[in-house]
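Chemist: As they're listed, the protein sequences go chains A and B.
Those letters in the first sequence? Residues 1 to 136, by my numbering.
Those letters in the second sequence? Residues 1 to 136, by my numbering.
These are computed hints drawn from the structure, not numbers from a lab.
Fair warning: there could be bad hints in the mix.
Which copy is meant is left open, so a pair is good if it fits within one copy or across any two.
Dumping the calculated EDC-like pairs for lysine to aspartate or glutamate here, alpha-carbon to alpha-carbon at most 20 Å [as the list claims (entries may be wrong)]:
| no. | residue 1 | residue 2 |
| --- | --- | --- |
| 1 | K23 | E44 |
| 2 | K116 | D133 |
| 3 | K116 | E85 |
| 4 | K23 | E92 |
| 5 | K116 | E82 |
| 6 | K23 | E121 |
Number of protein chains: 2
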Amino acid sequence: MPLFQVSTRIQYGLRALAYLAGKDGPASATEIAGAEGIPGKYLEGILGQLTASGLLRSERGKNGGYRLSLPAAEVTVLSIVEALEGEIRPTECAAGPGACDHDLACLPRRFWLGLKTAVDEYLRSRTLLDVIDPAS
Amino acid sequence: MPLFQVSTRIQYGLRALAYLAGKDGPASATEIAGAEGIPGKYLEGILGQLTASGLLRSERGKNGGYRLSLPAAEVTVLSIVEALEGEIRPTECAAGPGACDHDLACLPRRFWLGLKTAVDEYLRSRTLLDVIDPAS
DNA sequence: TATAATCCTAGTATTCAGATAGGAATACTG
DNA sequence: CAGTATTCCTATCTGAATACTAGGATTATA
Ligand code: FES
Ligand code: FES
């Protein structure tokens with residue numbers, strides 16, 4: 001029903017990162033899942049993706065876990081979203097001309113690109129620190 | 001893959017309205033579908049929804065069809081989107097407290113509400129005329 | 001009466017988000 | 001070395017939603 005529904009991947013991922021931002025040492029997937037009420041195995045995959053994209057560092061073995069590789073203030077939400085879902089794009093043809101059978105000047109496309117820009121800017125202007133800071 | 005993918009309902013609906021905005025008399029679903037390359041019967045349903053919400057006026061019978069009930073400059077894209085998909089809401093809990101098991105002060109929620117606001121404002125600030133006007 | 005249109009209801013097909021399952025590789029600990 | 005806790009990898013399932021199709025009833029025009 002809603003125009004844009006943020007996937008649970010992103011919601012879970014953001015909450016997990018927020019949890020990690022409020023912690024010193026590493027936290028395991030199980031720990032975060034328990035604290036946030038997220039299915040453990042599912043979260044594992046999400047954290048793996050965030051690790052692969054460089055936002056997290058992982059340590060295997062006992063006492064291992066995940067930790068942020070950057071200070072929370074340097075992690076934009078846009079980078080989180082892109083790590084988990086790839087590029088933001090409201091329509092197929094927003095990717096570029098040719099995806100659609102319309103011509104270069106297609107007017108609706110320009111409109112949708114404007115929406116993408118607006119969303120991108122919001123996400124780029126907010127960091128993980130903003131998300132966890134009540135006074136922002 | 002993308003964070004927000006605009007549904008074909010909305011894309012088709014917007015293109016149909018743009019087509020109608022560039023025309024004087026009424027246009028039938030078949031005519032619009034042919035011109036825009038949209039499945040006819042599918043478009044019929046979309047146009048029906050736009051009619052029910054008051055954005056279009058329909059005339060039945062031969063030589064009937066659909067026409068805008070307002071000048072293009074007075075139709076915000078937000079009203080189009082809401083007519084076709086209901087309220088815009090990035091997460092369940094953005095609807096209000098209680099939808100989620102978190103407390104009132106849940107920080108991610110405030111972040112997502114901010115995103116909703118940014119999108120709403122973009123959509124409310126653009127009219128159908130902006131969409132079809134190259135110089136906007 | 002023939003035709004062209006909206007309107008109404010139901011059904012299908014495919015895709016995808018959201019999760020689950022099982023185990024292999026790795027690292028610490030006693 | 002044995003045990004345990006962790007990440008990592010791959011495969012599979014499922015429910016819901018999107019996108020579309022089908023058929024016809026109703027209404028107006030010519
Ligand atoms: S180019 Fe895709 S709708 Fe026009
Ligand atoms: S209230 Fe829904 S995530 Fe916090």
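Chemist: Identify every previously stated hint that the structure contradicts and give their numbers, smallest first.
Modeler: 4, 6
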